[in-house]
Amino acid sequence: MDKIVNMPTKEETLQIISDLAKQQAVTKEEIMTAYNQGTGIIPDQILTKKVSVTEILYYIGGGVVFLGISILMAQNWSVLGFETKVLATLGVSIMAYLVGILFGQNTKTETVGSAFYLISALVAPIGLYVIFENAGFDITGPGIQSLISGILFCTYLFSFIVFRKNIFTLFSIIFGTWLFYSLTGLLAGSSPYFGSSKFYQYQTLIAGLSYALLGYSFSKTERAPLRGFLYGFGILGFLGASMALGGWEPNQSIFWELLFPVLVFGTLFLSVYIKSKSFLVFGTLFLMGYILKITAEYFSNSLGWPLVLVISGLSMIGIGYMSFAVKKKYLSSD
Amino acid sequence: MRFIKENITFILGISIPVAMILFVSASIYIPGLLIKPKFNFLYSIDNNSYYDDSHQYAISSGKIIRKELDLSKRRNSFAPNEDPKLFIHDVAKNESLEISFAEALRLDLDPNIKSPDEFEITNGGRGGGFFPFFYSPGTDYNAKYLKGRSLGKKLNLQIGPQQNYYSFYFLGWIK
Chain A
0 MDKIVNMPTK EETLQIISDL AKQQAVTKEE IMTAYNQGTG IIPDQILTKK
50 VSVTEILYYI GGGVVFLGIS ILMAQNWSVL GFETKVLATL GVSIMAYLVG
100 ILFGQNTKTE TVGSAFYLIS ALVAPIGLYV IFENAGFDIT GPGIQSLISG
150 ILFCTYLFSF IVFRKNIFTL FSIIFGTWLF YSLTGLLAGS SPYFGSSKFY
200 QYQTLIAGLS YALLGYSFSK TERAPLRGFL YGFGILGFLG ASMALGGWEP
250 NQSIFWELLF PVLVFGTLFL SVYIKSKSFL VFGTLFLMGY ILKITAEYFS
300 NSLGWPLVLV ISGLSMIGIG YMSFAVKKKY LSSD
Chain B
0 MRFIKENITF ILGISIPVAM ILFVSASIYI PGLLIKPKFN FLYSIDNNSY
50 YDDSHQYAIS SGKIIRKELD LSKRRNSFAP NEDPKLFIHD VAKNESLEIS
100 FAEALRLDLD PNIKSPDEFE ITNGGRGGGF FPFFYSPGTD YNAKYLKGRS
150 LGKKLNLQIG PQQNYYSFYF LGWIK
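Sequence order for the protein chains is A and B. According to numbering that gives the first Met the number 0, the first sequence holds residues 0 to 333 in order. According to numbering that gives the first Met the number 0, the second sequence holds residues 0 to 174 in order.
Chain B extracted, bound-state conformation (with noise of 0.2 Å):
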């Protein structure tokens, strides 16, 4: 006691950097114990990069439709070289599996971004800071997050290392 009494400006001193990393490790894992999101989602991924509402797949009236693509407003130069994938996503398990656009069809499908069970889909954070006190590592903001109720939970999606962040597009909660 006399020890900690005599030396409490040093001790604060270490353990304030140090409570702020076990702050950091208890929010990051905690949540993903006690926290369970419930809503699969259905996603594609297409390497065609449109403007605009130029996606192959749409929801339209909690169903899925395939759209005629305008190519004239495509952004890249050169033609789709294959048709968009569809997955569904296993929040559970958090693996995606591919299916075809007429199982999608069976699907009730609720478009907001938000899930009815408060989650939302968005991109890793782009890291920054100066050498060599990085915060994040800037290499992950093609990563996908699972957010919401102080839960960030990162997903395991079928975005190949040829893909971006704009491959991937988000179609809806499946009810």
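Isolated chain A (complex conformation) (with noise of 0.2 Å):
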């Protein structure tokens, strides 16, 4: 007969792992590591949690190098060949992603590498632009944005496949947003029903909403510091959406206008469940900014300029104390 091998429960398991934790004999590391080895998932790599002073100094340094380019390519555009261009322009791209690779396979400099990404992100819609414009495109239409918007998320969304870091997710999300605008924009064309200024307002409604949620599935997952840059965006871009939609008179949105603080009222309640600070202060500035412009649209002319005023400011004042109240309460651990 076989001899069978008694597997510990579940419950025993996490007992063990408890009680070697109380050893300090093993590591949250080493057991994420062996929980992943067995579910076949590949880990994300984190930048880290909290950006310190020294990587903010590493994006600023990637921003200047960028501005250098730009600056060095606008004034002696005249002057330059196309393969200088390429070359200060896409052929910077290319080295700086691959020097981001270099760096990145030690821990130590992982952050510099990052840095290098940046640069390369940055730099790379200029040369893409370069060549289109050198084969004779409208660079400017919608159709060579959408191709180069779509060029550079694939590549990172690619990139994000192979390295796993969040970066690259970061960056699919930018490039992602862009060539959606612009295909979006070119399916439209300059048709009589999408050629305004409400079609880029539903694009930004929709952009943002799609930024909340996807903070929100990260927001438990490695991929949680992306979760502010998303929330603060997205939300940014949903509320401002929505009241720009509203109008104002005699042009305005019954339903916008009617839907707006229904709107407003849910992102502050959902502050507090997702526990988001972006949340709290975009939905308090939208609801202060709301009640202003109800007030000056329908009331300013009945009560007097005056009178409207001194209720806007009271009605901010309270709405000031309630977002203060719950940061304090319910956000202060965020």
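In short, the hints are calculated from the structure, not lab data. Careful: at least some of the hints might be erroneous.
[Said to hold, decoys possible] Below, simulated DMTMM-like cross-link-like pairs (lysine to aspartate or glutamate); rule was C-alpha separation at most 20 Å, straight line: (1) K4(B) with E221(A); (2) K219(A) with E5(B); (3) K62(B) with D89(B); (4) K66(B) with D82(B); (5) K62(B) with E97(B); (6) K62(B) with D109(B).
[Said to hold, decoys possible] In silico negatives: residues of chain A with every beta carbon more than 12 Å from chain B: (7) G60; (8) I93; (9) N250.
Keep in mind the model is a prediction, meaning the values are calculated, not measured. Note that beta-carbon positions come from the ideal geometry of N, C-alpha and C, so glycine has one too.
Assemble the dimeric complex from its two separately framed chains, guided by the hints.
This is the structure in structure tokens:
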């Protein structure tokens, strides 16, 4: 008869892990590595939870390098040949990407590598613009913009799949957003139904909603460091577009003007649920903006502008206090 | 199913923009397949750009008429260099055919802005947004569209590169 191997139960395993942790004989990382080996999950490489001053300086340095290349190109655009332009832009981008990979191999230099990835991502669009402009395309048209953003989106999505770095997730989202705007613009063309600011507001509404949802889905994963960026820009775009869709008298949209307070209070409620200061801050600011807008739009003639200002000011004090209280009670640890 | 349940917000976050792309595509192309405008129209291409009621041609009692122009009202300082041209636009084929004034005289015309089947001619969108998030080309304002009943069909008119949207002058729907 075969010997039966007695596997420990789940409770026993967790108890063993707990005991080992008490004795400091096992680390959280080791447990996660073992778990990932079992499930086959390739863990993401997180930059760091909190960005230090040194890291900020790296990124500022990357931004300055990009600025230098841009100014160099702008000042010498007419005298530089095509090959030089490509080398100074796309060439630099590819080299920076490769340097980023090399630095990324070592955990000590990983953050420096991220700064080089930043240079690569900032310069790459200029390089592609140079190539398409030289080929005779209209680089301001949505067709070429869709192509360039599509190339960059695929590049950084593929980079994320290979290297599992959060910075590539961020670039994929940014270039994906650009692709979304340019592709919808390309499809809509100058159609009389879509060629207006309303269409742009709907695009921003959708992009903002998508950012907020992605932020929430990342919040409990290894991509949690991107949560703040996604929540902040997401809710700003979503509420900003919703308010703009409300319009202004006499071309206002009653539907959006009535829906907006529901969205704002929903945002404030969600700020507690998802523990997001961005939701609380932008929800508060947009609620104040909405009160000012509505009073100026509908009550300034009947109540008189000075009285409207007094009422608006008092409302803002009340909203500000409410926001402060919510932050203190529910989000102080966030 | 378990993957969908565990990643529902991620899936929604990705699929909402994709759904908008599909919606825009569908709302552009599906009406073009299903809705067919019936009424052709007559228009002129007039480079002389006059103020007010100073186009060379007009409609009176359903017929085209030629007017004597008061050159003192012209918009541009230079003298007219060519006579306005007349075109019939075939909405089914989306192509324009030049005709003479004598041929135009035989047409019964409806000068209303809207056609009997509820279409009108409008300019393309001006575009806008900020770099790089433009929401439409922004350079196609000279384009004309046949708009109505959810259809926005770009018209292939005989507006040359030297002309702009002022050059186009709608005269009437052909009954």
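Now for the hints, and whether the structure bears them out:
{"no.": "1", "hint": "K4(B) with E221(A)", "verdict": "19 Å, holds"}
{"no.": "2", "hint": "K219(A) with E5(B)", "verdict": "11 Å, holds"}
{"no.": "3", "hint": "K62(B) with D89(B)", "verdict": "19 Å, holds"}
{"no.": "4", "hint": "K66(B) with D82(B)", "verdict": "12 Å, holds"}
{"no.": "5", "hint": "K62(B) with E97(B)", "verdict": "17 Å, holds"}
{"no.": "6", "hint": "K62(B) with D109(B)", "verdict": "9 Å, holds"}
{"no.": "7", "hint": "G60", "verdict": "24 Å, holds"}
{"no.": "8", "hint": "I93", "verdict": "21 Å, holds"}
{"no.": "9", "hint": "N250", "verdict": "17 Å, holds"}
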